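Trainee: Those protein sequence lines, which keep their order, are chains A and B.
According to the numbering used here, the first sequence holds residues 1 to 320 in order.
According to the numbering used here, the second sequence holds residues 1 to 320 in order.
I should point out that these hints are in silico values taken from the structure, not numbers from a laboratory.
This structure is a prediction, so every number in the text was calculated from the model and none was measured.
Errors might be hidden in some of the hints.
[Said to hold, decoys possible] Output of the computed footprint for chain A on chain B, the stretches with three or more beta carbons under 8 Å from beta carbons of chain A: (1) 79-92; (2) 113-125; (3) 143-154.
[What the hints assert, rightly or not] Short derived list, chain A residues pointing at chain B, Cβ under 7 Å: (4) Asp32; (5) Phe39; (6) Leu45; (7) Ser46; (8) Val49; (9) Asp125; (10) Arg128; (11) Gly129; (12) Ser131; (13) Ala143; (14) Pro145; (15) Ala251; (16) Gln252.
Think of the CB as a built atom: it goes at the ideal place given N, C-alpha and C, for glycine as much as any other residue.
Protein chains: 2
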Amino acid sequence: MTHLDLGPGPEFDRVRAIERALGAHAAALGDDCAVVGPFPHRLVLSTDVSVEDVHFRRDWLGLDEIGWRATAAALSDLAAEGAEVVGVLVALTVPGQLDDAGVADVMRGVGDAVASVGGTVLGGDLSRGPSLSLGITVVGRAASPVTRRGAQPGDSVWITGALGSARAALHAWQAGQEPSAGARLAFAHPQPRIAAGRVLARLGATSMIDLSDGLAADARHLAAASAVRLELDVGRVPIGDGVSDAAGVVAQPPAAFAAEGGEDYELLATMPEGSERAVREAVPEAQTSLTCIGRVCAGQGVELMLDGHRLVLHGYDHFA
Amino acid sequence: MTHLDLGPGPEFDRVRAIERALGAHAAALGDDCAVVGPFPHRLVLSTDVSVEDVHFRRDWLGLDEIGWRATAAALSDLAAEGAEVVGVLVALTVPGQLDDAGVADVMRGVGDAVASVGGTVLGGDLSRGPSLSLGITVVGRAASPVTRRGAQPGDSVWITGALGSARAALHAWQAGQEPSAGARLAFAHPQPRIAAGRVLARLGATSMIDLSDGLAADARHLAAASAVRLELDVGRVPIGDGVSDAAGVVAQPPAAFAAEGGEDYELLATMPEGSERAVREAVPEAQTSLTCIGRVCAGQGVELMLDGHRLVLHGYDHFA
Numbered sequence: 001m002t003h004l005d006l007g008p009g010p011e012f013d014r015v016r017a018i019e020r021a022l023g024a025h026a027a028a029l030g031d032d033c034a035v036v037g038p039f040p041h042r043l044v045l046s047t048d049v050s051v052e053d054v055h056f057r058r059d060w061l062g063l064d065e066i067g068w069r070a071t072a073a074a075l076s077d078l079a080a081e082g083a084e085v086v087g088v089l090v091a092l093t094v095p096g097q098l099d100d101a102g103v104a105d106v107m108r109g110v111g112d113a114v115a116s117v118g119g120t121v122l123g124g125d126l127s128r129g130p131s132l133s134l135g136i137t138v139v140g141r142a143a144s145p146v147t148r149r150g151a152q153p154g155d156s157v158w159i160t161g162a163l164g165s166a167r168a169a170l171h172a173w174q175a176g177q178e179p180s181a182g183a184r185l186a187f188a189h190p191q192p193r194i195a196a197g198r199v200l201a202r203l204g205a206t207s208m209i210d211l212s213d214g215l216a217a218d219a220r221h222l223a224a225a226s227a228v229r230l231e232l233d234v235g236r237v238p239i240g241d242g243v244s245d246a247a248g249v250v251a252q253p254p255a256a257f258a259a260e261g262g263e264d265y266e267l268l269a270t271m272p273e274g275s276e277r278a279v280r281e282a283v284p285e286a287q288t289s290l291t292c293i294g295r296v297c298a299g300q301g302v303e304l305m306l307d308g309h310r311l312v313l314h315g316y317d318h319f320a
Numbered sequence: 001m002t003h004l005d006l007g008p009g010p011e012f013d014r015v016r017a018i019e020r021a022l023g024a025h026a027a028a029l030g031d032d033c034a035v036v037g038p039f040p041h042r043l044v045l046s047t048d049v050s051v052e053d054v055h056f057r058r059d060w061l062g063l064d065e066i067g068w069r070a071t072a073a074a075l076s077d078l079a080a081e082g083a084e085v086v087g088v089l090v091a092l093t094v095p096g097q098l099d100d101a102g103v104a105d106v107m108r109g110v111g112d113a114v115a116s117v118g119g120t121v122l123g124g125d126l127s128r129g130p131s132l133s134l135g136i137t138v139v140g141r142a143a144s145p146v147t148r149r150g151a152q153p154g155d156s157v158w159i160t161g162a163l164g165s166a167r168a169a170l171h172a173w174q175a176g177q178e179p180s181a182g183a184r185l186a187f188a189h190p191q192p193r194i195a196a197g198r199v200l201a202r203l204g205a206t207s208m209i210d211l212s213d214g215l216a217a218d219a220r221h222l223a224a225a226s227a228v229r230l231e232l233d234v235g236r237v238p239i240g241d242g243v244s245d246a247a248g249v250v251a252q253p254p255a256a257f258a259a260e261g262g263e264d265y266e267l268l269a270t271m272p273e274g275s276e277r278a279v280r281e282a283v284p285e286a287q288t289s290l291t292c293i294g295r296v297c298a299g300q301g302v303e304l305m306l307d308g309h310r311l312v313l314h315g316y317d318h319f320a
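Please work from the sequences and hints to get the whole structure.
Mentor: Below is the structure:
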């Protein structure tokens, strides 16, 4: 890491405190811009904002967990392209009562998340504001980025990991209870599915999306973008920690609760005919489970089946 | 622009409204990530956050002006690298009372600013939050990005444009008055100095920085990063519209007021010996004035002279 050469002033003291917290996880932060590349292939970019009391609450998560979660959520968009991670830029807004140590804690979580998938913190900006907010821009590279648009009739539909734990944690907190340890971990420390996204891309994924709005809603986005119909068996979806109890409270089948829950940051991918065996064998490389939950058909929209019945589920809509 | 293929829902209606407002200034916004490149040279990235009641107030600026100003401020970091503009990503946080038309107005300003320098809106994210906030990530490219670190004794020191108008506008608003038309325009509609940055880079700029914290403070950053001393004649700094009146109110010489004012988003560049004539002839291409205000010496720190006297000035520190 390059030594930071900044003039005096409390704003720059904060930047220096951040630099110390990030340690080897930071690129040189002292210039107007980060300089990266060259990139002979394609560059993949996305930005994601996490706002206190909208996406998280400070009485639910530690500051380092807030940094990890916001960064993992943003990295999830790179995973859905099958991209490698270059790094992240962080636009951090902090309320006045958060001191330098608190800012450093947030940035330590950011740095750990991006380092866990081989990237660095490329740069950032710091401002005061009415509440804690993290604008995370992710930078990746991919020879052939996977979009939402290429699903073909005959493809199989796969998901990574298990669903519903983030929603289970949220329901517990909103009811004034502590979530189960597993559900809390899923919410506080989601794993960016970069390895899974890369192996699915290599095996020929025709389309991919990350599950931020929930399986029901995100499957609809993918179906619309690819102009196909998805037929999904919700009963095959792996159920995350804490889901059974949380689903019982709202009298919903656990699979339906999981399919409707948002912010698990797992991947939904469509894979070409004949790739099933290769996908099953790729689980160790993907560093998570890979489960076939349905198929792509001609038509439009998404059909969700559970135990032979058609389910009507809604997605998670931040503006609803 | 690619047609947006999103599922139903009010959040996606907003994205569609933004797409309409941006028109040809948007890249395809419907996927997880923007895909750009390949970039055989270097890629240059920076992120910048503008927060309501910290960086702007809605009773001072129209929503489209807020979008322009935030974007121009972020693009200024690319200008200081001598980079070409690829585009921007926008993390937009909006309070509940801002409707779809308001969001579209903000994004129209963003789109106009980035289009004015040849870029597009590459992507974004939309969240609700306690106040209006724009996290703008800028993406540029440059064969040889200019840093803050290369100034050499013997170089001459140049600035683009005129200084102090943004501070003059701020002082007027803070006193409950309307700023002069020129000062208001400088604050609401700063011109990203991309053309000037590129021509200065081509003529051999050894270091460059944009003036966001004010000439006095940013010159200190550049001197520290390059391990040199800057001797600047503040009397040579072109004075912006509205500065004379505003400086009179605080009983400061206009040149000192201008050198201490922040957020003009002009450039400070050091140029190698022998380049003076080429720089003067490059004004049309730079699309702004280029003024020599001093020289680089061995040593450290910044000496600001006005009418033969040494000035002690402070910079603008957002956390002070």
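Trainee: Using Cβ atoms only, decide whether proline 145 of chain A comes closer than 7 Å to chain B, and label the hint accordingly.
Mentor: Holds: closest Cβ of chain B sits about 5 Å from proline 145 of chain A, inside 7 Å.
Trainee: Grab the minimum C-beta distance from serine 131 of chain A to chain B and call the hint holds if it beats 7 Å, violated otherwise.
Mentor: Holds, because the Cβ-Cβ distance from serine 131 of chain A to chain B comes to roughly 5 Å (cut-off 7 Å).
Trainee: Taking beta carbons only, do three or more residues of the segment 113-125 of chain B come closer than 8 Å to chain A?
Mentor: This one holds; 4 residues, not fewer than the three required, reach chain A with a Cβ under 8 Å.
Trainee: For the segment 143-154 of chain B, do at least 3 residues have a Cβ located nearer than 8 Å to some Cβ of chain A?
Mentor: With 4 residues in contact (Cβ-Cβ under 8 Å with chain A), the coverage given for the segment 143-154 of chain B holds.
Trainee: Verify the interface restraint on glycine 129 of chain A: the C-beta must sit less than 7 Å from at least one C-beta of chain B.
Mentor: Constraint on glycine 129 of chain A satisfied, holds at 4 Å.
Trainee: Taking the least C-beta to C-beta distance, is aspartate 32 of chain A closer than 7 Å to chain B?
Mentor: Check passed: Cβ of aspartate 32 of chain A comes within 4 Å of chain B, closer than 7 Å.
Trainee: When the nearest CB of chain B is found for alanine 251 of chain A, is that gap smaller than 7 Å?
Mentor: violated, 25 Å
Trainee: Do three or more residues from the segment 79-92 of chain B put their C-beta atoms closer than 8 Å to C-beta atoms of chain A?
Mentor: Result for this restraint: holds, n = 7.
Trainee: Minimum Cβ distance from serine 46 of chain A to chain B below 7 Å?
Mentor: holds, 4 Å
Trainee: Any CB of chain B closer than 7 Å to the CB of glutamine 252 of chain A?
Mentor: violated, 20 Å
Trainee: Was the hint right that alanine 143 of chain A lines chain B, CB cutoff 7 Å?
Mentor: violated, 10 Å
Trainee: Interface hint check: leucine 45 of chain A, Cβ to nearest Cβ on chain B, cutoff 7 Å. Holds or violated?
Mentor: Constraint on leucine 45 of chain A satisfied, holds at 5 Å.
Hint violations for this structure: numbers 13, 15 and 16, all remaining hints satisfied.
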